[in-house]
Amino acid sequence: MAVNRPSLRLSLWSALAYLFLYAPIAVVVIYSFNAARFGAAWNGFTTHWYAAIWDNPQALSAARNTLLLAGCSTLISTLLGTALAYGWTRFHFPGRRWISGLLHIPIFIPDIVLAVALLLLYSLVSPWLRFFELGLPTMVLAHVTFQIPFVAIVVRARLAGLDPALEEAARDLGASGRQKFRHVTLPLMMPGILAAAMLAFTLSLDDFVVSFFTSGPGSTTLPILIYSSVKRGITPDINALSTLIILASILGTVSVMLLQRKNR
Amino acid sequence: MTDPGNSRQTVRAAFVCGPGLIWLLVFLLVPMLLILSVSFISRGAYGELEWTVTLENYRRLIGFGALGFDPLYPQILLRSLALGATTAFLCLLMGMPLAFFIARLPGRFRAAALLLVVIPFWTSLLIRTYAWQILLAPEGWFGSILRHLGMTELYPGTLAVLIGMVCDFLPFFVLPLYASVEKINWSLAEAAMDLGASQWNVFRHAILPQISPGLTAGLILVFLPATGQFVIPDLLGGAKTVLLGNAIQQQFGQSRDWPFGAAMAVAALALVIAGMWLFYRKSGQKGEWL
Amino acid sequence: MTAPTPTLEKYVAPPLSGGFSIEADQLTRRFGEVTALDRVSVRIHEGEFFSLLGPSGCGKTTLLRMIGGLEMPDSGRLILLGRDAADWPAHQRPVNTVFQSYALFPHLNVVDNVAFGLRMKRLPESEIHRRVQGVMEMTRIRELERRFPAELSGGQKQRVALARAVVNEPKVLLLDEPLGALDLKLRKQLQIELHQLQRRLGITFIYVTHDQDEALVMSDRIAVMNEGRIVQLDTPAQLYERPRTRFVAEFLGACNLIEGEIVEAASGQIKVRSAAGMFMVAMGSIAPDIRSKVTLVIRPERIVLSALTQSGQPNRVSAEINDVIYSGAETRYSLCGGAVPFHCCLINSSAVRDGFAVGESVSAYFPPESLILLND
Chain A
53 MAVNRPSLRL SLWSALAYLF LYAPIAVVVI YSFNAARFGA AWNGFTTHWY
103 AAIWDNPQAL SAARNTLLLA GCSTLISTLL GTALAYGWTR FHFPGRRWIS
153 GLLHIPIFIP DIVLAVALLL LYSLVSPWLR FFELGLPTMV LAHVTFQIPF
203 VAIVVRARLA GLDPALEEAA RDLGASGRQK FRHVTLPLMM PGILAAAMLA
253 FTLSLDDFVV SFFTSGPGST TLPILIYSSV KRGITPDINA LSTLIILASI
303 LGTVSVMLLQ RKNR
Chain B
814 MTDPGNSRQT VRAAFVCGPG LIWLLVFLLV PMLLILSVSF ISRGAYGELE
864 WTVTLENYRR LIGFGALGFD PLYPQILLRS LALGATTAFL CLLMGMPLAF
914 FIARLPGRFR AAALLLVVIP FWTSLLIRTY AWQILLAPEG WFGSILRHLG
964 MTELYPGTLA VLIGMVCDFL PFFVLPLYAS VEKINWSLAE AAMDLGASQW
1014 NVFRHAILPQ ISPGLTAGLI LVFLPATGQF VIPDLLGGAK TVLLGNAIQQ
1064 QFGQSRDWPF GAAMAVAALA LVIAGMWLFY RKSGQKGEWL
Chain C
107 MTAPTPTLEK YVAPPLSGGF SIEADQLTRR FGEVTALDRV SVRIHEGEFF
157 SLLGPSGCGK TTLLRMIGGL EMPDSGRLIL LGRDAADWPA HQRPVNTVFQ
207 SYALFPHLNV VDNVAFGLRM KRLPESEIHR RVQGVMEMTR IRELERRFPA
257 ELSGGQKQRV ALARAVVNEP KVLLLDEPLG ALDLKLRKQL QIELHQLQRR
307 LGITFIYVTH DQDEALVMSD RIAVMNEGRI VQLDTPAQLY ERPRTRFVAE
357 FLGACNLIEG EIVEAASGQI KVRSAAGMFM VAMGSIAPDI RSKVTLVIRP
407 ERIVLSALTQ SGQPNRVSAE INDVIYSGAE TRYSLCGGAV PFHCCLINSS
457 AVRDGFAVGE SVSAYFPPES LILLND
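First to last, the protein sequences are chains A, B and C. Every position in the first sequence, counted from 1, becomes a number in the working numbering once 52 is added. Every position in the second sequence, counted from 1, becomes a number in the working numbering once 813 is added. Every position in the third sequence, counted from 1, becomes a number in the working numbering once 106 is added.
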């Protein structure tokens, strides 16, 4: 069936929408090369601000925290979410149909509600358990919580798309339950798991609200650093830092898209 | 191969799903229940929790606090809802043509055009929001154009918040809608046109029913997070545009009135649950736009 | 595709006197409201090419999966190679399956797919290599070694799936409509190859299909299934010549059905009256009652057409030719005699090259030994 090409009016309107979507991203990238220290006036091209990041101990420590946080939480959430997706698709058990609803809660609720709820939990428990005093560990717990649903949903989509005959063939060819999982199911799930881990990593990297409420002294991440800097007034080195984060997000998104395409 | 209700399967499922489910139980459901319980207690003199049961927080929320009628919080609630709804409407205006545009592109451009919507979706909302500060600032490019047009009171303010919201949430609307538009059976529209239906009638009777799941999903996915937003009004709104999200932050931050903040969070949650219910009922499918 | 290789041995008649591979007793399986298998009992000989034939949803695949261990019966007993299969898990049974969708592992290349079963048994790599190479030689997929399933054609996938199953040297090979997705020409060729392979390996093949031609060409015996039951189990010739029910008669090949009523039964012959005339039929094993309604079945190629002679004799019907369809090897005629329509099919040998024309009146002879009496 031939679908009509978009009309000129539709194309122009869409171009406007794209412009609107990318204007803020473009302005951050452009201003990261602006030689002017203050204000919005253009004062010539420089890469000085990127070099300045390396001399800024705050930025480096925030970057370290961000990567540590994203790495740890992605690892945990990918393991838990993948297992959850596997059990969810492969076994029948009471309460199975409630899982979908449970997983959609963190996707729907405003970040701030999850953030204050976790803050409340931590502050009530920390007098007894020092582990729950605000810091990187509490942030990891929080991030894993909103990552699990995304991981589980992405992996489940992959699992549901697999031909059940493949696993039957493995059994038929003499694979024990463990061998079947190791040599057939897991390799087939892998593209889905990788895509899910990428998504989880990007989510953690970009999160500000939950991090803001569950962080403690010394556990500042890049988004928190950017926020507090912005509150004081936008500076070009913040734009440089943001540009790097945007770049990471774009790379992450593109690789997830490529992985998803390979899935099909 | 799998028998429903098999007890051995339940045991294996418990081992496989258990850790993830327990995690969500401890770090999602328990905190939510804590918020709910704390919303019914009072605050001590120094901001500590005082475990005496009261409905005072909710009374204050709807304007009838201990100090008599005060419209501040009902106003915040209504303003949040209105801003959320306006954002959703503007996303509809802007995103619907975009979704149709992408769907009508030839194959190889379509994937790229879609990717261009997905990239902002996964790019830090904080960064995209503060960028509007630069754009809308009176000395910025966009700001100076607007100043020449006589719009001086734009930033900070409600209009700036709205611009930021639409920009940030547009992908949330376009992606689920596109999933529906992509599957449209155009021959229905052609048949309707063949039968002499007007453009509006073709859209209303041949297209709209086919895209309504994606449309509903998109609108809810914009409305809910927009209503609870905290970063956008915080950076673009200034003191005059306090929304539910900021109010919650205030109570858990400077004001240290957690019980009252919890009551507001419960209000936001109630809104979400209503939205999710609608989402499930209307869209049927979930998660395919991810 | 080339002709069958000379490496395959000549036809060897299977030893049907041996033991049984499968002894199924009253197997039943329900899926919710649907009864997929309804008290099915069957014995399958060792070394037999056995087909399960029937329309979709008749339970043939369920029975096959039960033998493979992928499905468990709700009740009944299955003896596999002399051993009760109830607590014999699928991965330990000396049974392998060629799946309908082939189910080749997309992440493994052809060699690794074929070697999969042997690797699971942790055989030494040298032996795996030897056996895999041998089987790939036999199924002629050597040159595909390094390809991945996504890069194979349908016929090639089918061969890989077959090699992957056969390399394990199973006692029983299960084939679930393995040729269903292929085009007709390739299917015909692979039918012959499968048949020869089974003779060569000498193992039991259980073949599920809904294609009657396929079953007739390859099988030693065929079980025709319908609605979860085996309706008739016989050799291909018996099934075709002596169907016991209308379902079997209609499912296997073309046939003419003539409704009638028994008017006389004596001295080994039954006389049936129908709208087309009187028919004499040889009395079979069933003892029919006078006046009972019966159906007569005759295959189109068994009717003998000749120029019109005097009518009134039993088994001879005056008919008019309504339509003639020439199809190369044979010519099909649609006729009508005494308001009963029927079909007839003549081989185009030189003797009857001229045939008959539309509108011509002919005499159709229904030989008594070719008429089958069904009382359902």
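Simulated from the structure, these hints should not be mistaken for laboratory data. Some hints could be false.
Which residues of chain A face chain C? A partial, calculated answer using Cβ under 7 angstroms [stated by the list, open to error]:
| # | residue |
| --- | --- |
| 1 | Gly213 |
| 2 | Ala217 |
| 3 | Leu218 |
| 4 | Glu220 |
| 5 | Ala221 |
| 6 | Arg223 |
| 7 | Asp224 |
| 8 | Gln231 |
| 9 | Thr237 |
Computed far set for chain A versus chain C, every beta-carbon distance over 12 angstroms [stated by the list, open to error]:
| # | residue |
| --- | --- |
| 10 | Ala103 |
| 11 | Leu127 |
| 12 | Pro189 |
| 13 | His235 |
Predicted, not measured: the structure shown is a model, and the values here were computed from it. Glycine is no exception: its CB is placed at the ideal position from the N, C-alpha and C atoms.
Item to check | Violations among the numbered hints | outcome: Violated hints (numbers, rising): 1, 9, 13; every other hint is consistent with the structure.
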